[in-house]
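So the protein sequences, as listed, match chains A and B. For the first sequence, the tail end lands on 134 under our numbering, and the numbers increase by one without skipping. For the second sequence, the tail end lands on 801 under our numbering, and the numbers increase by one without skipping.
These are calculated hints, taken from the structure and not from any lab test. Because the structure is a prediction, the values reported are computed rather than measured. In this text, a Cβ means the ideal position worked out from N, Cα and C, and glycines have one as well. There are no misleading hints in this set.
Subject to a maximum C-alpha distance of 25 Å in a straight line, what follows is the list of computed DSS-like cross-link-like pairs (lysine-lysine):
id : chain 1 : residue 1 : chain 2 : residue 2
1  : A       : Lys-13    : A       : Lys-76
2  : A       : Lys-21    : B       : Lys-668
3  : B       : Lys-493   : B       : Lys-464
4  : B       : Lys-668   : A       : Lys-28
5  : B       : Lys-668   : B       : Lys-680
6  : A       : Lys-83    : A       : Lys-130
7  : A       : Lys-28    : B       : Lys-666
8  : B       : Lys-705   : A       : Lys-28
9  : A       : Lys-104   : A       : Lys-130
10 : A       : Lys-83    : A       : Lys-51
11 : B       : Lys-563   : B       : Lys-533
12 : A       : Lys-21    : B       : Lys-666
13 : A       : Lys-76    : A       : Lys-104
14 : A       : Lys-51    : A       : Lys-28
15 : B       : Lys-493   : B       : Lys-533
Listing some non-contacts, in silico: residues in chain B with all C-beta distances to chain A over 12 Å:
id : residue
16 : Glu-304
17 : Ala-622
18 : Ala-715
Here are the chains, one letter per residue:
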Amino acid sequence: MKILLVDDSKTMRNIQKSILTQLGYTQLEEACDGQDALSKVGAFGPELLLVDWNMPNMDGLTFVKEFRKTDKTTPIIMVTTESERSRVVEAIKAGVNNYVVKPFTPDVLSQRITETLGKVAAA
Amino acid sequence: MAELFDAISIEISPDETVATLRVAPGVEVSDCDREAVLAYLAEQQIQLQPESRDAIDSLLAAVRADPDQSHAVVVARGRPPEHGRMGRLLWEEAFDPDTAADRARGSAGDAAGDACHYTRSAFTMVRAGDHVATLVKPTEGVDGYTVRGKTLAARNGKPAQIKFDRSVLLRPDGAVVAQESGALSWRSGELKVVSHLEIDDFVDFSTGNIDFDGDVTVHKGVRDCFVVSAAKDLRIRGMVEAADVVAGRDARLEGGVAARDKGRVYVERDLHARYLDSAAVVVGRHALIDKEIVSTDLSIAGTLAAPSGAIIGGETTVGGAVELAELGSAGGSETLITLGAMRDFDELKGKLGTLAAAASEMHRKAKEQFDMLTANAAKLTASQAEQMTELQFSLATLDALRDKMSRADEKIAAVVAAHTDAELTVHRVIHAGVRLRLGEYEARFKDPIKGPVRITLGASGRPLLTDLVSESARDLAEVAPVHRLDGQPAPRGKGASRAA
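Model the full assembly from the supplied sequences, consistent with the hints where possible.
The structure is reproduced here in structure tokens:
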């Protein structure tokens, strides 16, 4: 499965990569902000996206809105901080399928991915 | 004036293939006509050829022009026989044994043209499937003839008298192909690939370094700075000087090793050596040494037997039982012997311990930071939330790493325990100056201990000394100071005597 990791923190991307690799996902692509992600989705063709909220150039919410204009189905998991939790409804309206609140443990991220992919498969 | 027949003569070359007509000075010019000369040549049985008449005409013209001079011309030619070529081996360039040394000299040279004479090899190595030479068939000869028409018989070539054994294949097209990997042997008309390389003399500048994919026997010794490496068994009948020798299986060093702290010996399985002096030696299984082991850094995974020999100086680590005539020297040479240990595994265990300590320290620091953030969990900023995720991940990773290292440490300990047997038997004497490491203890011998004795680890884990004549055993601490290697005080050994 192809997964696109969108986060301005390289450390966070590395953590996500490490967890996903342990889960058996090896086709991973990285983007450092929303703009970078938009430029990569066409060529990479992700089947799942993990998107951070706060990023320079283009934030996660704006990216989700732009992405959903052309792709309505590919699942997106938003990675948020506690302070952004109140805005989750806004994100879900924009087309996000699930969310993970930082700080998260490897187990929580793994559980959210499995949960999201399960829901998409059942739909 | 002489008549023509008195003035002309014919000269035949020794091989009878060239006839030269010579006219002496002072011949009567009016006698000089072609028919007369042709008649003379016919009388001499010279076989004329189409060009003979022109040659005669030019000779006669020259005589008429200057009759007072001598003149000569070749009037007939025969043909020497062409003997057939003998059958022979035509070597492929890379495998010509006659040029092996030159090739090696060329290939060993660097860009500036400086050759390393240690790395050149006088032996031609082949791999199975190499086309090493072509057997060229003999050719038939072509007869010749003399100026008088007599046949000069040619000899036909004979087939090359070459023996090939099963290690080389002679294909119908004459290609000679190696069937095995090894050294190409070309002696007394026999071509073969040998898996056992024999060097009749020393390994020195005449041979270069030896790196052979089979057994190697050196009938003399190995000179300073050379390398002998055998993928299988190695036998060296002479002395190994400050050189490196490597055996992929067993090694017999019949002339001993005098390495002057420069040479190294690595034996994958068993070593049998006459003596070892100032060498670094690693043995994968067992070692049998006939005489002394002097100032040598020796590591043996299996047993060491030197029932007539001694270890004097140096550092020795042995995994299995050790049998010696003497340990140390009367002069008190500092001699360290470690029993029941495998040096490679000990080093690995040491490295693992260092890594585990570093991982624990990293874990402690990460946990401290994590606990601070947890205490303030309700008021975390976005960057603190990210930092906490990172710390959680680091802690999980470090925990997994520590688990892995702990399992590896247990495995190493289990392997060492299963393959070691701490036991030292000394027939004659253990001298002062010897340090003996056994289990968690080190004993320093201040006074000589008369043999035959055996030192083992007792049931309590402490070194035990058994007198092999009386068969009585006592704590080693009763005869030599014993301390724990971890710096803890050793329990007193008095009163530990008991019957073996």
